[in-house]
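Trainee: Listed below, chain by chain, are the residues.
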Amino acid sequence: MKNNLAPLIVLAVLAALPLLGLNSYVMHILILSIMWTLAGMAWNLLGGYCGQVSFGHAAFFGMGAYSAGLIHLHLGASPWWGFLASLPVVALVALGMGSVVLRLRGPYFVLATLAIGEVLRITCENLTDFTKGTLGIMITRTWVEKTQYYYIILGLAALAFIVCRVIVHSRWGYYFVAIREDQDAAESLGIDTTRYKTIALTVSAMLTGLAGAFYTNYMGYIDPGVVFSLGEISILIIMVVMVGGVATEWGPALGAGIMVILAEYIRSLPLIGVAYQTMFGVLLIVIIIYLPNGLVGDWPVLKRKLLRRGAPA
Amino acid sequence: MLDVRGIDVAYGDVQVIWDVSFRVGQGEIVAMIGANGAGKSTIMRTVSGVLRPGKGGILLAGEAIHTVEPYGLIERGLAHVPEARRLFPEMTVEENLDMGSLRGRARKERARTKERVFSIFPRLSERRRQPSGTLSGGEQQMLAIGRGLMALPRLIMFDEPSLGLAPILVQDIFNVIRTVRDEGMTVLIVEQNVRQTLALCDRAYVLENGRITQEGAGADLLRDPHVKAAYLGV
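If you read the sequences in order, they're chains A and B. All letters in the first sequence, in the order written, are residues -2 to 310 by the working numbering. All letters in the second sequence, in the order written, are residues 822 to 1055 by the working numbering.
In case anyone wonders, no lab produced these hints; they're calculated from the structure. C-beta: ideal position from N, C-alpha, C; glycine also. Possibly wrong hints are sitting among the right ones.
Just a sample of chain A residues kept apart from chain B, beta carbon distances all over 10 Å, derived [claimed, not checked]: (1) Leu5; (2) Ala9; (3) Ala12; (4) His25; (5) Leu81; (6) Ile119; (7) Arg168; (8) Ala183; (9) Ile188; (10) Thr190; (11) Ile255; (12) Ala272; (13) Ile285; (14) Arg305.
Label pairs and their computed distance ranges (CB to CB) [said to hold, decoys possible]: (15) B:Arg950 to A:Ala272: 30 to 36 Å; (16) A:Pro104 to B:Gln1035: 40 to 46 Å; (17) B:Arg873 to A:Ser75: 50 to 56 Å; (18) A:Thr131 to B:Asn857: 57 to 63 Å; (19) B:Arg873 to A:Asn0: 41 to 47 Å.
Given the sequences, and given the hints that come with them, work out the whole structure.
Mentor: What follows is the structure, encoded as structure tokens:
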């Protein structure tokens, strides 16, 4: 039970936050941070633990977002059903995609996922009858208040946290790490690597899709350029995990908080604010050089450095 | 135990193995020796299912295995201690051993087999909680062998087990291979360290340019003029 204490405390604190009567902007930042935590944990399962670095998670985020948008547009259903609708849709796409891209390794896998994300964006932009193309889809938000959205995304993130924790500590988790460390050796020890990579991809994709479906409900408007975005979704997900800590349990949450706040802050700066993606690029380079395992993964190193500096000579 | 019948193997259009046949009998230590680039590792990779023969077949205890997926071989009793060890560096010694016993009987017997591996390699027992990436080269080779043993294989293949080890460790590793055979496993070993390998094995095949050019008892090959001139430098 000891290992469950920390997550429960964090959850309790987060659940109590809205009671402080935070203003709507702070709530917005919190909601976005938790949404990115969800997406980051999803990416981490595939990219962090299983070692399959995807530059195309916008594909799943976008599919989730459009699942919610499209059932509203065509069936008149509440976009909240998008959560349920997205799961089979995203899972099918992930299985199909996996059968192709998971045959590839290293940079070829990265490029293939990047291409698939872009292909889906362009497809979505051009299927104007079905998706309304670049016009996007507008829905009526259920609540004006942020509090309800906050609890919904917190619940989803908690669910994802549990799913990831159970998987990582199960036999699957060991298989994923073995595949990351040495795929050929894993295969020769009796692990059906294709099968377990497909599992990692599918679970990762489904969780990412939930984040997308939430995005639609929360923002009230989606268009392909936003939800299938390479820079704003696919790469941001990677940033969240890299900054926080690859293959760590708490890395995505920390990374998401930092990235969301940083994005808000840099964007508000005069003159250089528009170049926030450039800043992200610089940050990523710094992280890779000095903290390759992210803030959580390299915490012992970081602590040592800070302590040494702070200690009297 | 292992029966390789007339296999051809190619990388794309480049054929590197030509009509190679060899047998490894129950309880034998059989060696495959040859120079760099002769095709030894290619043969290993083919037996372990990573490469497919263009022609011919491979039988393990009478069952054709050249069409089986690589992950299916370990259940059929074939373990592979790969070249350069291929451990999982961020997993501990013990986790690496566990990874060797994922299925079937090996999984049920895991605790007992692990104790046996630790009794063969006490050093591994001392370091069981240490990430395998922090072990020395010799310890890593011990762990790779231990991981192979964890599968309780009928046939265990060693690919260049002496690679990068100090001479004194090489002797230790070879002694372990003899112990493994004495416990009832069949051994196929591929080596460049010709003198010690021939002294260890029951029979050996000489591989040159992708073809088997000689075969015989290890002791006989040690005295063979061609082998002496080409591999032993005398």
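Trainee: Are all beta-carbon distances from histidine 25 of chain A to chain B longer than 10 Å?
Mentor: Holds: least Cβ distance 38 Å, greater than 10 Å.
Trainee: Say whether it holds or is violated: arginine 305 of chain A keeps its Cβ farther than 10 Å from all Cβ of chain B.
Mentor: holds (23 Å)
Trainee: Using Cβ atoms and 10 Å as the threshold, tell me whether alanine 272 of chain A really stays out of contact range of chain B.
Mentor: Given that every Cβ of chain B is farther than 10 Å from that of alanine 272 of chain A, nearest at about 37 Å, it holds.
Trainee: Would you check whether the claim that leucine 5 of chain A is not at the interface survives, using Cβ distances to chain B and the 10 Å cut-off?
Mentor: holds (28 Å)
Trainee: Is the distance from the Cβ of proline 104 of chain A to the Cβ of glutamine 1035 of chain B consistent with 40 to 46 Å?
Mentor: holds (43 Å)
Trainee: Quick one: are threonine 131 of chain A and asparagine 857 of chain B within 57 to 63 Å, going by C-beta?
Mentor: For threonine 131 of chain A and asparagine 857 of chain B the Cβ distance comes to about 59 Å; the hint holds.
Trainee: Just tell me: holds or violated, for the beta carbon distance of arginine 950 of chain B and alanine 272 of chain A against 30 to 36 Å?
Mentor: Distance hint for arginine 950 of chain B, alanine 272 of chain A is violated at roughly 48 Å.
Trainee: When you look at the beta carbon of arginine 168 of chain A, is every beta carbon of chain B farther off than 10 Å?
Mentor: The claim is violated: arginine 168 of chain A sits with its nearest Cβ about 8 Å from chain B, within 10 Å.
Trainee: Isoleucine 255 of chain A: least C-beta distance to chain B exceeds 10 Å?
Mentor: holds (25 Å)
Trainee: Measuring Cβ to Cβ, find out whether alanine 183 of chain A lies farther than 10 Å from everything in chain B.
Mentor: Alanine 183 of chain A not clear of chain B: closest Cβ-Cβ about 8 Å, inside 10 Å.
Trainee: Taking the Cβ atom of arginine 873 of chain B and the Cβ atom of asparagine 0 of chain A, is their distance within the range 41 to 47 Å?
Mentor: holds (45 Å)
Trainee: Would you assess whether leucine 81 of chain A, listed as outside the interface, keeps its beta-carbon beyond 10 Å of every beta-carbon in chain B?
Mentor: holds (35 Å)
When each numbered hint is compared with the structure, violations occur for hints 7, 8, 9, 10, 15.
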